[in-house]
Amino acid sequence: MTTSVNEAAVAIRGLKVVFGGVVEAVDGVDLTLERGQAVALIGESGSGKSVTLRAIMRLNPERKTKIGGQILVAGQDVMALSAKGLRALRGRAVAMIFQEPLLALDPVYTVGSQITEAIRQHEKISAADARKRALQLFERVRIPSPERRLDAYPHEMSGGMRQRAMIALALACRPQVLLADEPTTALDATVQIQILLLLRELQAELGLSTIFVTHDLGAAVEVADRIAVMYAGRIVEEGSARDVVLNPHHPYTIGLMRSRADGALSKGTRLKTIPGSPPDLANRPPGCPFAPRCFLAEDRCRVDAPAYVAVEPGHRAACWRTDAAHAAFAGDKARVLEAAV
Amino acid sequence: MSTLTGAVPTDRDRGGPGQPLLTVEGLVKHFPVKKGLGGKKAVVRAVDGVDFGILKGETLGIVGESGCGKSTTARLIMGLIAHDKGDLLFDGERIGSRALPLREFRAQTQMVFQDSYSSLNPRMTIEGSIAFGPQVHGVPKRQAIERARSLLARVGLEPARFAARYPHELSGGQRQRVNIARALALEPRLVVLDEAVSALDKSVEAQVLNLLMDLKQEFNLTYLFISHDLNVVRFICDRVAVMYLGQVVEIGPADTVLANPAHPYTAALLSSMPSMDPDARTQVAPLAGDPPNPIDPPPGCRFHPRCTLVEEVCRSVVPPLDPVDPLHRVACLARQPGSGHSLAPMMTVAA
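As you go down the protein sequences, you meet chains R and X in turn. Following the working numbering from start to finish, the first sequence increments by one per residue and tops out at 341. Following the working numbering from start to finish, the second sequence increments by one per residue and tops out at 351.
Treat the hints with care, as some may be off.
Heads up, simulated DSS-like pairs for lysine-lysine below, C-alpha to C-alpha not over 30 Å straight-line [stated by the list, open to error]:
(1) K141/X to K333/R
(2) K85/X to K141/X
(3) K16/R to K84/R
(4) K272/R to K141/X
(5) K202/X to K16/R
(6) K124/R to K84/R
(7) K216/X to K141/X
(8) K202/X to K216/X
(9) K84/R to K64/R
(10) K66/R to K84/R
(11) K141/X to K202/X
(12) K64/R to K132/R
(13) K40/X to K272/R
(14) K272/R to K216/X
(15) K56/X to K216/X
Here are some of the chain X residues that sit facing chain R, going by a computed Cβ distance under 8 Å [as the list claims (entries may be wrong)]:
(16) Q108
(17) Q114
(18) D115
(19) S198
(20) K202
(21) N210
(22) L269
(23) M276
(24) P278
(25) R281
(26) P286
(27) L287
(28) G340
(29) S342
(30) P345
Derived by calculation from the structure, the hints in this document are not laboratory data. A virtual CB, placed ideally from N, CA and C, is assigned to each residue, including glycine.
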């Protein structure tokens, strides 16, 4: 294993994931996560964002899945790992937070014993010391009366507290990479913002590299340095959070912004929607997967898949018509400003 | 089909446009639960004294966090569960009374649920599901099927392609369209939408919201729209009621409540929404902790343990839902003259 300081925390090259031999859930994803950075993968259901995330820890069912491409975690090839190497990677180098903590935590063990078990799995440490560390973690994620909560079962905690406990569990072995799969989707609004701020704070303090999967653009903006927008198994646009949100160049990203209810010019006006629905991943159309729903599609979009265009340094979009798309977005913004005057 | 396109038959409109379509008064529902193994009995105060009215032709939104009683309220209105106390009046008539038997009320009120899959019968074609309600209410089969097909076309599902499909053959957005078509098959006057768009992807959600607005116009509907998404509520609702632990804490025009909230809880909900501006991220969470358990609600104002404006008086006095202006009512002592809260406005001489 070679780890140099400037090596990316996670490097994904040409990732392809095929389920059951037919469903191309992920179709050529390239993504680099620099150390200490937070990247948000956003997209709708079936866009391949969670599958990509799971591939990093090889959590997709092995027998039904065909994976192509390369995934390096701190320079280590995840695809080449043995069962033992994989066990050492999971939890130790890379940890994951799931959407539904009640399903992810074991209902018949106390939360504290699940955390100490994880620590002792990876390190030679006494039970008492492991518990001490679990207590520190609980204090860190700000669980009230942590000593008592260590002995609580998952069902005895509220939704927000369970998610904090799961974050504590994920951090138990001091991973460098934290993967979060819709960590706040199941939570109430007032709790969601608390968890988002906690994740942001932990990431900064511990220097974690984070990949954050969500369908909520707002949540992504709150935590991420960079945003990658996925559609039908491909990254269609990627750049800094600022660039993607304020200066989008892909028609799908623009469509997502337009269809938000808060983006409507005034109450009662119709929302601008993206017509149709995502393509069948077992039967991909040729060309750009978004072409059938795109307001800018022309003939070549239906024949040739577009390559990435670097619209600015560090900001890419896979579209033949990035200029036209961006002009349309600038037009939207002008209209909003006009309406506000 | 002529029956589908016209306005509500006038004979169904009893009280005229000024009378609220639905009046909810002092609605209470407590669910008994056992605490621990063989422990003492407790009750979940799911809905604990809720009053509001829905005017004809308006969309009333109910917002709040999980456990605040918004879905229970919807189920009580629909008569899916029996209420313990309180009154439900539909167009001036008590629901279940001789003037408005439950069966007749149900033909005029329909509900769309959050989970589009579990609310459809998996063994029925979607055409059959939509035609089922009208058949139960005495519409001949052929006519009911015809109505189902015209409704499918209306919600954007081509009948020739979709009518014979089963729910599992549709996407989530398509299934929710079927649920909406089914709700409309009885030509209801009130449609209760319980988180009807919450499970949908954003781009599909926008399509369904547009559809709901069109249908409301076309069929003269009144909506009760339950959601936790304030952006959606602001977009679609005329008025909004904010619930907390089984009670309405603020109710008023959506533009007023969501722009100038009078209750500190509404304000906290609004500032909990993630910012969409990368340069102005949220710095401090507006509320700490989770919503408390409705089994043992705090005394006094139920929001006081999490409130930023809390004072001694809030711990003992239950704030009434009083008007701050003619259309806008709020249950907060800090907004009510003479309540004893230091931030309360000066007492004004009653006219």
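Structure-based check of each hint:
{"no.": "1", "hint": "K141/X to K333/R", "result": "violated, 52 Å"}
{"no.": "2", "hint": "K85/X to K141/X", "result": "violated, 39 Å"}
{"no.": "3", "hint": "K16/R to K84/R", "result": "holds, 24 Å"}
{"no.": "4", "hint": "K272/R to K141/X", "result": "violated, 38 Å"}
{"no.": "5", "hint": "K202/X to K16/R", "result": "holds, 26 Å"}
{"no.": "6", "hint": "K124/R to K84/R", "result": "holds, 17 Å"}
{"no.": "7", "hint": "K216/X to K141/X", "result": "holds, 26 Å"}
{"no.": "8", "hint": "K202/X to K216/X", "result": "holds, 21 Å"}
{"no.": "9", "hint": "K84/R to K64/R", "result": "holds, 21 Å"}
{"no.": "10", "hint": "K66/R to K84/R", "result": "holds, 21 Å"}
{"no.": "11", "hint": "K141/X to K202/X", "result": "violated, 37 Å"}
{"no.": "12", "hint": "K64/R to K132/R", "result": "violated, 41 Å"}
{"no.": "13", "hint": "K40/X to K272/R", "result": "violated, 54 Å"}
{"no.": "14", "hint": "K272/R to K216/X", "result": "holds, 18 Å"}
{"no.": "15", "hint": "K56/X to K216/X", "result": "holds, 11 Å"}
{"no.": "16", "hint": "Q108", "result": "violated, 25 Å"}
{"no.": "17", "hint": "Q114", "result": "violated, 13 Å"}
{"no.": "18", "hint": "D115", "result": "violated, 14 Å"}
{"no.": "19", "hint": "S198", "result": "violated, 11 Å"}
{"no.": "20", "hint": "K202", "result": "holds, 6 Å"}
{"no.": "21", "hint": "N210", "result": "holds, 5 Å"}
{"no.": "22", "hint": "L269", "result": "holds, 6 Å"}
{"no.": "23", "hint": "M276", "result": "holds, 6 Å"}
{"no.": "24", "hint": "P278", "result": "holds, 4 Å"}
{"no.": "25", "hint": "R281", "result": "holds, 6 Å"}
{"no.": "26", "hint": "P286", "result": "holds, 7 Å"}
{"no.": "27", "hint": "L287", "result": "holds, 4 Å"}
{"no.": "28", "hint": "G340", "result": "violated, 27 Å"}
{"no.": "29", "hint": "S342", "result": "violated, 25 Å"}
{"no.": "30", "hint": "P345", "result": "violated, 27 Å"}
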